[in-house]
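Those protein sequence lines, which keep their order, are chains A and B. Read left to right, the first sequence gives residues 24 to 466 (the working numbering). Read left to right, the second sequence gives residues 24 to 466 (the working numbering).
Keep in mind the hints are simulated off the structure, nothing from the lab. Glycine included, C-beta positions come from ideal geometry on N, C-alpha and C. Be aware that one or more of the hints could be misleading.
[Said to hold, decoys possible] Some chain A residues close to chain B (C-beta under 7 Å, calculated; not the full set):
1. 180
2. 181
3. 210
4. 211
5. 288
6. 289
7. 343
8. 372
9. 373
10. 395
11. 397
12. 405
[Said to hold, decoys possible] Label pairs and their in silico Cβ distance ranges:
13. A:412 <-> B:437: 38 to 46 Å
14. B:59 <-> A:443: 52 to 60 Å
15. A:438 <-> B:59: 55 to 63 Å
16. A:451 <-> B:409: 37 to 45 Å
17. B:437 <-> A:438: 45 to 53 Å
18. A:303 <-> B:274: 16 to 24 Å
19. A:439 <-> B:272: 41 to 49 Å
2 protein chains.
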Amino acid sequence: MSATGAPVPDDAWETLRRLPRGRTIEIETHDGHRWRGTLVPPHDLSGERVVQIKLDSGYNVGVRIDPADRLRLLDEETGNGGNGGNATAPSRARTRDGEPWVALLSTGGTIASRVDYRTGGVRPVQDEAELLSFYPDLERDGPVRVTPVFDRLSENLAPEDWQTLAREVGRAFGEGARGVVVAHGTDTLAFTAAALSFQLENLPGPVVLVGAQRSPDRPSSDGVTNLAAAVRLARTAPIGEVVVVMHASLSDDRFAIHRGTRVRKMHATRRDAFQSRNGPSLGWMDAATVHWNTPPRPAATGPVRVDDRLGDHVGLLWLYPGLSPARAEAFSKDLRGLVLAGTGLGHSSTVHLAWIRAAVALGTVTVMTSQCLDGAVDPFVYATGRELLRAGVLYADDLLPETAYVKLLWALGRSSDPREVAALMLEDRAGEFTGRRLAEGDR
Amino acid sequence: MSATGAPVPDDAWETLRRLPRGRTIEIETHDGHRWRGTLVPPHDLSGERVVQIKLDSGYNVGVRIDPADRLRLLDEETGNGGNGGNATAPSRARTRDGEPWVALLSTGGTIASRVDYRTGGVRPVQDEAELLSFYPDLERDGPVRVTPVFDRLSENLAPEDWQTLAREVGRAFGEGARGVVVAHGTDTLAFTAAALSFQLENLPGPVVLVGAQRSPDRPSSDGVTNLAAAVRLARTAPIGEVVVVMHASLSDDRFAIHRGTRVRKMHATRRDAFQSRNGPSLGWMDAATVHWNTPPRPAATGPVRVDDRLGDHVGLLWLYPGLSPARAEAFSKDLRGLVLAGTGLGHSSTVHLAWIRAAVALGTVTVMTSQCLDGAVDPFVYATGRELLRAGVLYADDLLPETAYVKLLWALGRSSDPREVAALMLEDRAGEFTGRRLAEGDR
Chain A
24 MSATGAPVPD
34 DAWETLRRLP
44 RGRTIEIETH
54 DGHRWRGTLV
64 PPHDLSGERV
74 VQIKLDSGYN
84 VGVRIDPADR
94 LRLLDEETGN
104 GGNGGNATAP
114 SRARTRDGEP
124 WVALLSTGGT
134 IASRVDYRTG
144 GVRPVQDEAE
154 LLSFYPDLER
164 DGPVRVTPVF
174 DRLSENLAPE
184 DWQTLAREVG
194 RAFGEGARGV
204 VVAHGTDTLA
214 FTAAALSFQL
224 ENLPGPVVLV
234 GAQRSPDRPS
244 SDGVTNLAAA
254 VRLARTAPIG
264 EVVVVMHASL
274 SDDRFAIHRG
284 TRVRKMHATR
294 RDAFQSRNGP
304 SLGWMDAATV
314 HWNTPPRPAA
324 TGPVRVDDRL
334 GDHVGLLWLY
344 PGLSPARAEA
354 FSKDLRGLVL
364 AGTGLGHSST
374 VHLAWIRAAV
384 ALGTVTVMTS
394 QCLDGAVDPF
404 VYATGRELLR
414 AGVLYADDLL
424 PETAYVKLLW
434 ALGRSSDPRE
444 VAALMLEDRA
454 GEFTGRRLAE
464 GDR
Chain B
24 MSATGAPVPD
34 DAWETLRRLP
44 RGRTIEIETH
54 DGHRWRGTLV
64 PPHDLSGERV
74 VQIKLDSGYN
84 VGVRIDPADR
94 LRLLDEETGN
104 GGNGGNATAP
114 SRARTRDGEP
124 WVALLSTGGT
134 IASRVDYRTG
144 GVRPVQDEAE
154 LLSFYPDLER
164 DGPVRVTPVF
174 DRLSENLAPE
184 DWQTLAREVG
194 RAFGEGARGV
204 VVAHGTDTLA
214 FTAAALSFQL
224 ENLPGPVVLV
234 GAQRSPDRPS
244 SDGVTNLAAA
254 VRLARTAPIG
264 EVVVVMHASL
274 SDDRFAIHRG
284 TRVRKMHATR
294 RDAFQSRNGP
304 SLGWMDAATV
314 HWNTPPRPAA
324 TGPVRVDDRL
334 GDHVGLLWLY
344 PGLSPARAEA
354 FSKDLRGLVL
364 AGTGLGHSST
374 VHLAWIRAAV
384 ALGTVTVMTS
394 QCLDGAVDPF
404 VYATGRELLR
414 AGVLYADDLL
424 PETAYVKLLW
434 ALGRSSDPRE
444 VAALMLEDRA
454 GEFTGRRLAE
464 GDR
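Construct the entire structure; sequences and hints are all you get.
Pasting the structure below:
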């Protein structure tokens, strides 16, 4: 286990140093471990005799090479060329005419990042080749065309980026993609999923948003398995929906399929951070199966319709005790649309009634949701709700606050007439209302 | 099953009409049902021959009386006077010297409301007697002194009301209460629980906040069982904490005990709407047992300390894609303290860095939490976090956004020096940080 030292001509390290990434290897260490997998690019650990190997399980390990370790080159022996050779070839060139292919739109985020060991932080990968080097199995079942759209952490994406993405998805289907995968940072992934759900109609195949809670070069990364699942779903599912695929639990072999309008990031770090709210996920999948909990929207025939119009001057305000009406009013100034995340069944303190009434009178479409996240708003149970309703507030059933915000941007892109916007808001467009009758226990 | 009709002198209805509320009765209906319980005040259904009976299970039923039904007065027969007679006597008068008693502070909300059948809405009960009439078993195990503090839906409570409540709790312990129950609307119950957690120190007994998702006159009300559990915990638990007791599931016989700083209303309507975030609840209880998942803070000796000071000009802002920096800045104007509910590990778009930096420079204590609700913020993983940290933002580990807001009000009531406030914010005062080392799966 020597850490450094002069090169030893016949030890495994010298061979490994020169070996192209993507080769399938096996290392038998002098102390009895056996590591088998694909060689991936090293971290900033040069000189430390460490190689990174992507195991068949999808995990990466860093193995420190001892002069006594033994190396076998498995793909030379079997003559199959390995998977990793793909990593440096432009993927588009490998698409044969007529063969179904998946479009992978890369936007940045952890799924396309790596740990920078100098800062301890995470930085985006440099190019498509580096991205693919982390995902050597991506094209195991068929071609994937990678298009880098952004290279940004998702907290820095804005509604205009949703418009760009919608157009890119439309273009991919226009070029014949069987399905589209969007690799995305997890911070605002659910917002983008909701936006694409409203902007894209008549989808001829799945649009699968996917992210990672840990960068793909980390041993515990969920990026590899998530992305493989997303690509498989995009290639095979006969659905016409925008969905989110992420770990269903801490286990690496089961993935939840969330409807794009019903999902929320509910944990800062866990791999199963994404949860469908107010009901089960749309479905789940493992290596062998795709199971639908509720029927997905089937794939449409004919071309996709992209309507990327979005309004502006829309706000989302979470209410809380002690929020002064003046502050809430300052926040709401000049808004064309305002989503309130009220308490309980969709309540505000009565101190807010005056400015809400005034805002509605000035034409601000004002929509009530619940900060509980689960359950539905209802203006008819308490006096507070009835007063807000009389003030002109629109009660949005069980729309999630974030989805209501995205939908209001979308609706205001289509009409500036508050009544038309209200009608659009209450019409189910993309499964954003669960529509299930509440059981007694829920009432 | 005649719906109306002239009085039939010798049928059960005539007797029932004249019977005082609180009597223990049994009705054997002509079609073979048997209802046994305590007579409670009727709804606005007079003339329809319907009586309301609170069953031993805690549920209310409305029974339509047929002339052929048979009535038995159980408390006359057994001579024990029933439970319900308590309802109209002032409860304080029944406290014998030296007998342990529980203080019940009533603030309004569903737990102290009833359905108004004219409007279909819910209205607060009129007085203590009406409240107790819904809870005839309240004093089964010992005296309860009821003090109406407010009669308000909790969405209309504000931080100054938390101050009043803190003083009332202090007064009750000062007068010798064994424990204190606060009956509270559920909308902002978690905010109040957090506030009392910080304002009250050296608690000699439990402070138990309790609410109901359905008013106590409804057959499916959870108010009766919740309140009974809360009173029992307040009377018996040797703890010195502020906790929330609500249904643990849809079942009526198990109650979760939540730490006041770790709980959130997570469903608009379900009886088990309250959930501890980022870990298990503090404990649970059923009719026979109290079980602690983690050790509660033991009851203190010596008098309770009430420090009801709260700062002002504190805001809570949830971030989202498309929030304009100008709007966020307008919201944050003149704030002494600002809690941000950022995305993921505690991020904002970089478009907000300038005004955040300026606000911090002007002395606004700016605290970052995560809108995921679960997991902890961490500024060291991504460039965004490191920039926010450099801008002077305080990362608040796994404080819930709402708890952070309440705590910042509290901290600014104690100091106006941003460094002192920051130190107070990061010090565990009332179990507000879970403090558990994150397991690999969580990282």
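Hints and how they fare:
Hint status for residue 180 (chain A): holds, given a least beta-carbon distance of 6 Å to chain B, under 7 Å. Evaluation of the residue 181 (chain A) hint against chain B yields a held restraint, the C-beta minimum of about 5 Å falling below 7 Å. Interface hint at residue 210 (chain A): satisfied, since its Cβ lies 4 Å from the closest Cβ of chain B, which is below the 7 Å cut-off. Checking residue 211 (chain A) against chain B by beta carbon gives a least distance of about 5 Å; that is within 7 Å, so the hint holds.
A least Cβ separation of about 5 Å between residue 288 (chain A) and chain B falls short of the 7 Å threshold, and the interface hint therefore holds. The interface hint given for residue 289 (chain A) is met, as the beta carbon of that residue sits about 6 Å from the closest beta carbon of chain B, less than 7 Å. For residue 343 (chain A), the suggested interface contact is upheld, since its CB lies about 5 Å from the closest CB of chain B, less than 7 Å. With 7 Å as the threshold, the beta carbon of residue 372 (chain A) comes within range of chain B, its nearest partner Cβ sitting at about 5 Å, so the hint holds.
Annotation: residue 373 (chain A) was flagged as interfacial toward chain B, and the flag holds, the nearest CB pair being 6 Å apart, inside 7 Å. Residue-level restraint check for residue 395 (chain A) holds (minimum Cβ-Cβ distance to chain B is 5 Å; threshold 7 Å). About 4 Å separates the beta-carbon of residue 397 (chain A) from the nearest beta-carbon of chain B, less than 7 Å, and the hint is met. About 6 Å separates the beta-carbon of residue 405 (chain A) from the nearest beta-carbon of chain B, less than 7 Å, and the hint is met.
For residue 412 (chain A) and residue 437 (chain B), the Cβ-Cβ distance of about 41 Å falls inside the hinted range of 38 to 46 Å, so the restraint holds. At roughly 57 Å, the beta carbons of residue 59 (chain B) and residue 443 (chain A) sit within the given window of 52 to 60 Å. For the pair residue 438 (chain A) and residue 59 (chain B), the beta carbons lie near 60 Å from each other, so the given range of 55 to 63 Å is met. Between residue 451 (chain A) and residue 409 (chain B) the beta carbon distance is about 42 Å. The supplied range of 37 to 45 Å therefore holds.
For the hinted restraint 45 to 53 Å between residue 437 (chain B) and residue 438 (chain A), the CB-CB distance of approximately 51 Å keeps it satisfied. Evaluation of the 16 to 24 Å hint for residue 303 (chain A) and residue 274 (chain B) yields a pass: the beta carbon distance comes to about 21 Å. Against the hinted window of 41 to 49 Å, the Cβ-Cβ separation of residue 439 (chain A) and residue 272 (chain B) comes to about 47 Å, which satisfies the hint.
Hint compliance for this structure: every hint is met.
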